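Residue numbers (our numbering), protein chains in the order written: chain A, 1 to 210; chain B, 1 to 215.
There may be inaccurate statements among the hints.
To be verified - Simulated pairs of lysine-lysine, PhoX-like, Cα-Cα distance not exceeding 25 Å:
(1) Lys-170/B / Lys-120/A
(2) Lys-57/B / Lys-77/B
(3) Lys-39/A / Lys-99/B
(4) Lys-77/B / Lys-170/B
(5) Lys-120/A / Lys-103/A
(6) Lys-170/B / Lys-99/B
Quick caveat, the hints were computed from the structure, so don't treat them as lab data. Just so you know, these numbers come straight off a predicted model, no measurement behind them.
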Amino acid sequence: MTIRHHISDQLLMGYSAGQLPEAFNLVVAVHLSMCDDCKSRLGAFDAVGGALMDDCDVAMAGDSLAATMDRLTRTTPAVPRRASSVLPSPLMDYIGGDLDAVKWRSIGMGVRQAILPTEKGATARLLYIPAGQKVPDHGHRGTELTLVLQGAFRDETDRFGPGDLEIADEDLNHQPIAEAGADCICLAATDAPLRFNGVLQRLAQPFFRI
Amino acid sequence: MLDFTPHQKADAQPPGQFYAVGGAPLCVRQKGLSVPSDTVEDDWGVLILKVRDNQDKAAFAALFRHFAPRIKGFLMKSGASASLAEECAQDVMATLWQKAHLFDPTRASAATWIFTIARNRRIDALRKSRRPEPEDLPWGPEAEPDQQDALELSQDTERLGAALALLPEKQRQLIERAYFGDLTHSEIAAETGLPLGTIKSRIRLALERLRHKMS
Ligand SMILES: [Zn+2]
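So that you can see chain A by itself, here it is in the shape it has in the complex:
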């Protein structure tokens, strides 16, 4: 898999610092599961956190070491998680299973979505776009992250294949089209409701939470 579109520095730093909304954390964690390059770049940001923490010395309570020693236990190390399908394990944790466990809802024109449970402030959802199908033309009020899990899509900016992450801000008004040949499955997160251009779609928005 050749990934061409990676996580931006700003997002990686936000992930390292623990400042992203949960839905964004999920998209970043899934891309990191597919991309060793971004994992290495994340390491540099985590090292910044480690260095900053080094200067934060505050005395512990007198009995804290003994209290912690008393509760040291070790379980059998878990077998490293492996993805069994197109879905990396952090995503399977949120779905509660594999692709066949996804509860899809149709949002029209053959496009389906499934909202994943995350904290308020940003929304994560899976999108299923049949091969050759357009996703409604839309802009965003905030940031939209779209990570391709299977298949590929194109929009006005570029082509996005498996593992590619598109970071779209308010300035981008785009119409993704799934490539012919294979249905496209994406994980998307938005930190504000999408603003569909069509009136009908705007009316439908509160119902579908897209």
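Once you have looked at the hints, place chain B with the ligand on chain A.
For chain B with the ligand alone, kept in the frame of chain A given last:
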């Protein structure tokens, strides 16, 4: 809260199986000493390997004395009360003991790895939301950590810390806020009265300087 299950003797490593890095020190400055001391900062990784391989409580105690006060301070700077920070710092150290098998000295220094545990604990405690973690990429059972890699990583991390310390005060404060405060870029701008663009470029500039120092 963390979930602890009763300790089982069967989990102990078989005798004769020692450090994956050959038991040698991770730091050149150590000059041949095999027993790390509190005065040599780079040996924390070796102590974690002792915890991992031998369930070494003395090594754990040394790690605790160094890192627990820093975790507590980090959490307090992030807005936790002293008592919550104390409790969470203990949790983080207990997690270190429990998850020592996940520590890989070729991918993170001890301070870096412990920071990630502390950060995740902070998200649990202060935001009460889940923290999705990346999948561990398959390394293959024969892929032993390379001692040279671990050494280089440790040196790079040290350089990064030194570069951070040399940053102009204003830039350093902004990076601290991004890591400690639950502040977005816009909130930082509101607090300091500086426009968003200036803040972003300062953070970017500081990170570019850090990266430059690392290369
Ligand atoms: Zn990447």
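field: Hint numbers not upheld by this structure, sorted from lowest to highest
entry: 1, 2 and 6
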